[in-house]
Amino acid sequence: MTAARKKAATKTAVARPSAKAPATRKVAAKKRAAGKPAAGKPAAKKVAAGKPVAKKPVAGKPAAKKPVAKKRPATKPTVKKRVASEAPGKSRAKAKPAARASVARGATSSIGTLMTYALWLELDAVERYRELADAMEMHNNRDVSELFRKMSTIEGKHVDKIMKQMGWTKVPPLPQGAAPWPGFESPETAAHDDVHYLMQPYHALALALKGEERAHRFFESLARAATTPAVRRAATEMAEEEREHVELVRAWMAKVPRPDDDWNDDPDPPRYTD
Amino acid sequence: MNSTATALAAAERPAAACTPATFKSGTKPIWCPGCGDYSVLSSITKAFAMLALKPEETVVVSGIGCSSRIPAYTSCYGFHGVHGRALAAATGVKLARPELTVLVAGGDGDGYSIGGNHFLHACRRNVDMTYIVMDNHVYGMTKGQPSPTTEPDWDSKLAPGGTGVRAFHPLVIALASGANFVARAFAGDPNGTAEILAQAIRHPGFSFVEILSPCVTFRPEQREWKEAVHPASVTVTNDPARAARRVMTDDGFNIGALYAGDRTPFPLGPRRPPIPLTDLEAEFAP
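First to last, the protein sequences are chains R and E.
Residue numbering for the first sequence follows this note's numbering, starting at 1 and increasing by one per position.
Residue numbering for the second sequence follows this note's numbering, starting at 1001 and increasing by one per position.
Quick caveat, the hints were computed from the structure, so don't treat them as lab data.
Please note that the accuracy of each hint is not assured.
Some chain R residues judged to face chain E by a derived CB distance under 10 Å, without partners named [claimed, not checked]: (1) Asp124; (2) Trp168; (3) Ala179; (4) Glu247.
27 Å max Cα-Cα, derived DSS-like pairs, lysine-lysine [said to hold, decoys possible]: (5) R:Lys150 x E:Lys1028; (6) E:Lys1157 x R:Lys157; (7) R:Lys161 x E:Lys1157; (8) R:Lys157 x R:Lys170; (9) E:Lys1028 x R:Lys157; (10) R:Lys150 x R:Lys170; (11) E:Lys1157 x E:Lys1143; (12) E:Lys1028 x E:Lys1046; (13) E:Lys1143 x E:Lys1028; (14) R:Lys170 x E:Lys1046; (15) R:Lys164 x E:Lys1046; (16) R:Lys170 x E:Lys1054; (17) R:Lys150 x E:Lys1046; (18) E:Lys1028 x E:Lys1054.
Residues on chain R that point at chain E, a partial pick, calculated with CB under 10 Å [what the hints assert, rightly or not]: (19) Ala135; (20) Val171; (21) Phe184; (22) Glu185; (23) Asp268.
Just so it is clear, the structure is predicted and the values come from calculations on it, not from any experiment.
Even glycine gets a Cβ: it sits at the ideal position worked out from N, Cα and C.
All chains should be built: construct the whole structure from the sequences, respecting the hints.
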């Protein structure tokens, strides 16, 4: 790999993890700070069947500083100069599936439906964090694997809480028809492709933060669209809980070392094609 | 009704008899973190659960490549076969055990290059099974060579300046060759993909689903696919010419079922009663 290309490749994968595959990570492992998640964990949602109830106290203070998202460079590695949408012979219409949008579709008419949505949000997050934990474990990124597993456990507690509070003994299916959220996956779910094998706990928390923020916006929009006062109250309560989670994750991030600029620099990259 | 549909209809069991987790094995995938194949695995298990199948009623057959590791990650019967020959092996499985639901999985290199000929004839034969190709326009396992679906001007060290060779159009080929169900899906939409897979499995005959599955390692620019894909703004048709026109003129990012034909599937089970051995012997008797 030439120096210029290596530099470009490194830059490409900063704002969100990207671009490389598993390989030796002696140097990267050394760089990776321990970054143990701290005490402040997102609280389980507390909404009783039929009506919202009191909020859970916030365990940690929100971080004063907003985490800095590093920007992607304008330039890309030269070898990848064409994106698929520019493939010849095809008229690439600009599409907008709103892959990670978080504004609810339509109105929710009952507490049961609202809580079913809330439950599925958590179930999806449990599963995804577990998958990401497994992926990181396979690639020997133990800190991040542990962190994702912890997040999966936390979301699992939210699931249990909702099930208990609603008196459900089995998971209700999502109501028929289009999902209440636009985009491909439920708002709290981290995308499969937002990870990198050299990512650090800070990145994992940044992913969680995005999920909590989307969930917050989702419940806010449900509250706005609610047709009954009870649903509006409950959705507002859920939105508030998600906002607390946002603050907690931010507080957690403040306690975790920030990655160096070259966090994804692998001395033995798998991409010899670069 | 095809054998799979019959088996599904006959099975009177609760819809949630198996969850997606039931279909996952304890083996953890070794794909690169961020790979689209993780989502495809999730979609497959969701589709099986949606159809109330059971692991012991389902077979996943694959060839060689990153995506072809998928049978090991499911708890179904599995066959990780020879490069490009997944469809041949799967056809044998379906003919021998018609009551099983057969899903064949692989990548674009395995399916369209090494296995290209099998692909054509599997479409022609129309045996009742479902073929999914996790298409990332590159050979990932062998470190980034251009595949049949790679854009002709994709520049890399292994193909400086691009191959200059026109990309293979799998959906059109499938339609022209006689596949009975044709769809395109996107790995980043695991729930939508699961629904498409369920439709494909339910549909009689040979179903083909192309799944755009980004390779974040060798084609990192494919992360942008999630901004480019969109639901097909057309209803599924049973006219192959119309479907072919659509897929040849679309932007390559339409997702959804595009074609559902009504060809009679290849007959399963013995076509005529077996000849008794004594009769055969009699023919050769002096």
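Here's how the hints hold up against the structure:
1. A distance limit of 10 Å between C-beta atoms decides the matter here; for Asp124 of chain R the minimum to chain E is near 9 Å, and the interface restraint holds.
2. This hint is violated: Trp168 of chain R has a C-beta 13 Å from the nearest C-beta of chain E, more than the 10 Å allowed.
3. Contact between Ala179 of chain R and chain E, as hinted, is supported at the beta carbon level, the nearest pair being about 7 Å apart and thus within 10 Å.
4. Interface restraint check for Glu247 of chain R: the shortest CB-CB distance to chain E comes to about 28 Å, outside 10 Å, so the restraint is violated.
5. A threshold of 27 Å between alpha carbons decides the hint, and for Lys150 of chain R with Lys1028 of chain E the separation of about 18 Å falls inside it, so the pair holds.
6. This hinted pair does not check out: Lys1157 of chain E and Lys157 of chain R have alpha carbons roughly 49 Å apart, beyond 27 Å.
7. The hinted pair formed by Lys161 of chain R and Lys1157 of chain E fails the criterion: a straight-line CA distance of about 54 Å is larger than 27 Å.
8. A threshold of 27 Å between alpha carbons decides the hint, and for Lys157 of chain R with Lys170 of chain R the separation of about 15 Å falls inside it, so the pair holds.
9. Between the alpha carbons of Lys1028 of chain E and Lys157 of chain R the distance comes to roughly 24 Å, so the proposed pair stays at or under 27 Å and holds.
10. For the given pair, Lys150 of chain R sits about 24 Å from Lys170 of chain R by alpha-carbon distance, which is consistent with the 27 Å threshold.
11. For the suggested pair Lys1157 of chain E and Lys1143 of chain E, the alpha carbons sit about 11 Å apart, so the restraint of at most 27 Å is met.
12. The suggested pairing of Lys1028 of chain E with Lys1046 of chain E holds, with an alpha-carbon distance near 17 Å, which does not exceed 27 Å.
13. As the CA atoms of Lys1143 of chain E and Lys1028 of chain E are separated by approximately 21 Å, the hinted pair is consistent with the 27 Å bound.
14. With a C-alpha separation of about 17 Å, the suggested pairing of Lys170 of chain R with Lys1046 of chain E holds against the 27 Å cut-off.
15. With a C-alpha separation of about 25 Å, the suggested pairing of Lys164 of chain R with Lys1046 of chain E holds against the 27 Å cut-off.
16. A distance of roughly 20 Å separates the Cα atoms of Lys170 of chain R and Lys1054 of chain E; the hinted pair therefore holds under the 27 Å criterion.
17. Proximity of Lys150 of chain R to Lys1046 of chain E is assessed by CA-CA distance (about 24 Å); at most 27 Å being required, the pair is judged to hold.
18. Proximity of Lys1028 of chain E to Lys1054 of chain E is assessed by CA-CA distance (about 20 Å); at most 27 Å being required, the pair is judged to hold.
19. About 4 Å separates the beta-carbon of Ala135 of chain R from the nearest beta-carbon of chain E, less than 10 Å, and the hint is met.
20. The criterion of a C-beta within 10 Å of any C-beta in chain E is met by Val171 of chain R, whose closest approach is roughly 8 Å, and the hint holds.
21. At its closest, the beta carbon of Phe184 of chain R sits 4 Å from a beta carbon of chain E; the interface hint therefore holds under the 10 Å criterion.
22. Against a cut-off of 10 Å between C-beta atoms, the interface hint on Glu185 of chain R holds, since the closest Cβ of chain E lies about 7 Å away.
23. Because the smallest distance between the Cβ of Asp268 of chain R and any Cβ of chain E comes to about 13 Å, over 10 Å, the interface hint for this residue is violated.
Hints 2, 4, 6, 7, 23 from the list above are not met by this structure, while the remaining hints are.
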